[in-house]
Amino acid sequence: MSPVGHSKSTNEIALLYAGESLLTQIAKWVRRHPGREFRLASCQSPSAVPEALSASDVAIIDATEHPDSAMSALPDAIAGLGRDAVAIYTEVDHFNPPRDTTS
0 MSPVGHSKST NEIALLYAGE SLLTQIAKWV RRHPGREFRL ASCQSPSAVP EALSASDVAI
60 IDATEHPDSA MSALPDAIAG LGRDAVAIYT EVDHFNPPRD TTS
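Just so we're aligned, residue 0 is where the sequence shown starts under numbering that gives the first Met the number 0, counting upward by one.
Bear in mind the hints are in silico, worked out from the structure with no lab data behind them. Keep in mind that this is a model prediction, so the values were computed, not measured. Glycine included, each C-beta is placed from N, C-alpha and C at the ideal position. Among the hints, erroneous ones may be present.
As the list claims (entries may be wrong) - Per label pair, the in silico range of CB-to-CB distance:
# : residue 1 : residue 2 : range
1 : A54       : L22       : 40 to 46 Å
2 : A54       : D83       : 15 to 21 Å
3 : W28       : D83       : 17 to 23 Å
4 : R98       : W28       : 14 to 20 Å
5 : S44       : R82       : 41 to 47 Å
6 : M70       : L22       : 44 to 50 Å
7 : Q24       : F94       : 19 to 25 Å
8 : R31       : H65       : 25 to 31 Å
9 : N95       : S46       : 27 to 33 Å
All chains should be built: construct the whole structure from the sequences, respecting the hints.
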């Protein structure tokens, strides 16, 4: 496996549970790298995770809308790709929910 940005001509990126915001950011990122070729494998269900990971170099797991599914996919992604090839993305602070300020 070659890390993104190295000698391999095509990089395979698994996007697990990717929401609209992450997809938009990835699309912009890909456009800024015109000399590279990227293939995206996207999945929205646990049964599709192994196939998405099987040909991928890196995985980005979106925990924004489906944190439990993202956390379930994390061990498989690390086992298949290695810990340096997996990232968790979120736009929500799952550990410190907003406080109720109405009382």
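Quiz item: Holds or violated: 15 to 21 Å for the Cβ distance of A54 and D83?
Solution: The hint (15 to 21 Å, Cβ to Cβ) holds, given that A54 and D83 are roughly 18 Å apart.
Self-check item: 41 to 47 Å as the expected CB spacing between R82 and S44, which holds or is violated
Solution: 24 Å Cβ-Cβ, so the 41 to 47 Å window is violated.
Exercise. With respect to the beta-carbon atoms only, verify the hint that Q24 and F94 lie 19 to 25 Å apart.
Key: 22 Å, holds
Practice problem: Evaluate the given range 17 to 23 Å for the C-beta pair formed by W28 and D83. | Solution: 19 Å, holds
Quiz item: Is 40 to 46 Å a correct range for the gap between the Cβ atoms of A54 and L22?
Solution: 19 Å, violated
Quiz item: Regarding M70 and L22, is the given constraint of 44 to 50 Å on their beta-carbon distance met?
Solution: 20 Å, violated
Quiz item: Is the distance from the Cβ of R31 to the Cβ of H65 consistent with 25 to 31 Å?
Solution: 27 Å, holds
Quiz item: Does 27 to 33 Å hold as the CB distance between N95 and S46, or does it fail?
Solution: 32 Å, holds
Self-check item: Range hint 14 to 20 Å (beta carbons of R98 and W28) holds or violated
Solution: Violated, since R98 and W28 (Cβ atoms, about 34 Å apart) do not stay within the stated range.
When held up to the earlier numbered hints, the structure conflicts with 1, 4, 5, 6 and fits the remainder.
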